[in-house]
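Chemist: Residue strings, one per chain:
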Amino acid sequence: MAHANGNSIDTSQLLKGVLDLAVLAVLADHDSYGYEVLRQLRDSGLDGVGDASVYGTLRRLYQAGALKSYVVPSDEGPHRKYYGLNDRGRSALDQSTKTWGSFTRALDHLLNGRSTANAR
Amino acid sequence: MPDSSQANDVASYASAVRAALAPLPDAERESLLEDLENHLAEVASESDLSLQERLGPPEDYAAELRSAYGSGNETSSGRHRPVRERTAALLKSVSSNLTYPDLRALLPELRPGWWVLRAYLVVLFLAFLFRDGGNLRPIPNPFTSGGLLQIVASLVAIGISVRLGRRALPAKRGWRWAVVSVNVAIALLALPVLASMGTGYNNGYSYDYSSEPNFSAASAGYYPGVTNIYPYSKDGKPLKDVLLYDQDGRPLVPSRSDIVIDVPIGPDGLPIPNAYPLTERQPTGDPVVPPRVALPPSQTSVPTPSPAATPSP
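The listed protein sequences derive, respectively, from chains Y and U. Position 89 of the first sequence, counted from 1, bears residue number 89 in the working numbering, the numbering being contiguous throughout. Position 295 of the second sequence, counted from 1, bears residue number 295 in the working numbering, the numbering being contiguous throughout.
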C-alpha cells in the first residue's frame, strides 16, 4: 500500500476516503454492476481506482444495507449482479455529499488563502 | 484468449484470491466473494490479457478487496488490521473451542468417580500404614488374608464414600470448608503412597504372570544377585524341584530376565516358579550348564555335577 510522502498527495489514500461517496454517486444515476461502476469511475477521471476496491466497496455497502441487488442473466457473458440505491443508500449519499461539500469548501478556503497570500 | 482458457484463468485467479482471504471468518469471506467469479469473468472478457497482467497478483487483489470491504472503520492503522483480525479470530476460536465451559460442566459428572477413588485411596493409605513389610500393589492379592481384607475394606469404604458424596454439601461455611479440606487431604496423603508403589523389591507374589516366559520386573527376588539355586542333599546328591519360600511363606522367585526359565506346571494347572533349580535356557535356547560345586569335605562321596543335574521339567 503506498503512502503519502512529503512531495505529493497519495491519490489512492484520498480515494479510499471518498470511494463510498463516488460509488453511491454512480449508482444514484442508474443501477449498475461492478465492472461498469469501475468503468464509469475511471471515465470520470478517477483512474487510480482499483477493481478490487470497487468490488469490495460494493459488497460492503450491500452488506451495510445501503444497496439493493439483483442478478441479471446475460446471453453472451456471465450473469451480472446489479446494484442500486435503496432509501438508506440515498440518505447516506445525501449525508456524504454534505460532508464532502463542507470539507472541500474548507480546503478550498485554505488553499485559496495561501495562494492569495503568495500572490501578495 | 479462447473462452476455455479464459475460464481457467478466472477460476484459478479466483481460487488464489479465496485462499489469500482464508484468515477471514467463513461467512464474511463468502459474503465478500459471492459474486467474484462473475465479476472477474466480466473483467477478463474485456481484454486478451490475463487477469494477473490486468489486476496484479491475486494476493494484492485480495488485500485490496479486504481493505475496501473493511474500510468503513479503518484509517491509518489499516496495515495492522489483518494481524489484529487474525489474533481476534484465534482468541475467539480458542475460547469457544478450548472447552473451558465444557470442562466446568463436565466436572460435576466426574464426582462419582472421585467418590470411588477417594475410598480406594483411604484404604490404600491405611494399608500403607499397617502393612507388615510387604510392598503395596494397586490391586491387592485376594489370596492373602491382608489382601482380602484390603479388598473388602475398599468395597465398604466405597459404599460409605458414595453415600456421603450423594448428600448435599453442608450449607454452613465452616462445614463446607472442612469437607473440602478432607477431600484435598485424602488426595495429598495418597500421593506418597502411590509414589512408593512399584519401588523397592516387590515381595508381593501372585501367579498372574504365568503367561510370561521369564520373571521380569513383576517378581524381583530377595537377592538380586541370585538367579538360581542348586540344592544338594546332605549326602551330596543334587536335588530337583525343591520348592523354596521366604520367612513370610512367599515363594522365592528369581529376578533375572535375560535367562529363559521353563516353569513346571503343578497338578492344579498353575505354574510353580519357585521349583529349584530352575530349568534355565540361554536366549539361544541352549540349556544352561549347572555350576560345579565344592561340597563340604565331610561328604563320603564327592559327586561332580553333570548335565544330569539339570532337572527336566
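A couple of the hints might just be wrong.
Chain U side only, calculated, beta carbon under 10 Å to chain Y, not exhaustive [as the list claims (entries may be wrong)]:
1) ASP9
2) PRO25
3) GLU28
4) LEU32
5) SER45
6) GLY56
7) LEU65
8) GLY70
9) GLU109
Note that these hints are calculated values from the structure, not bench results. Glycine is no exception: its CB is placed at the ideal position from the N, C-alpha and C atoms.
Chemist: Hints first: check each against the structure and report whether it holds.
Modeler: Hints, verified against the model:
For U:ASP9, the interface hint is violated, the least distance from its beta-carbon to any beta-carbon of chain Y being 13 Å, above 10 Å. For U:PRO25, the shortest C-beta to C-beta distance to chain Y is roughly 13 Å, which exceeds 10 Å, and the interface hint is violated. A least Cβ separation of about 9 Å between U:GLU28 and chain Y falls short of the 10 Å threshold, and the interface hint therefore holds. Hint status for U:LEU32 relative to chain Y: holds, with the closest Cβ pair at about 5 Å, below 10 Å.
With a least beta-carbon distance of about 6 Å to chain Y, the hint placing U:SER45 at the interface is held under the 10 Å criterion. Interface hint status for U:GLY56: upheld, as the beta-carbon distance to the closest one in chain Y is roughly 9 Å, under 10 Å. Because the beta carbon of U:LEU65 sits about 4 Å from the nearest beta carbon in chain Y, less than 10 Å, this interface hint is met. Look at U:GLY70: its Cβ gets to within about 7 Å of chain Y, closer than 10 Å, so that hint holds up.
Interface restraint check: U:GLU109 against chain Y, minimum CB-CB distance 43 Å, threshold 10 Å, status violated.
When the structure is compared with the earlier hints, violations turn up for hints 1, 2, 9 and for no others.
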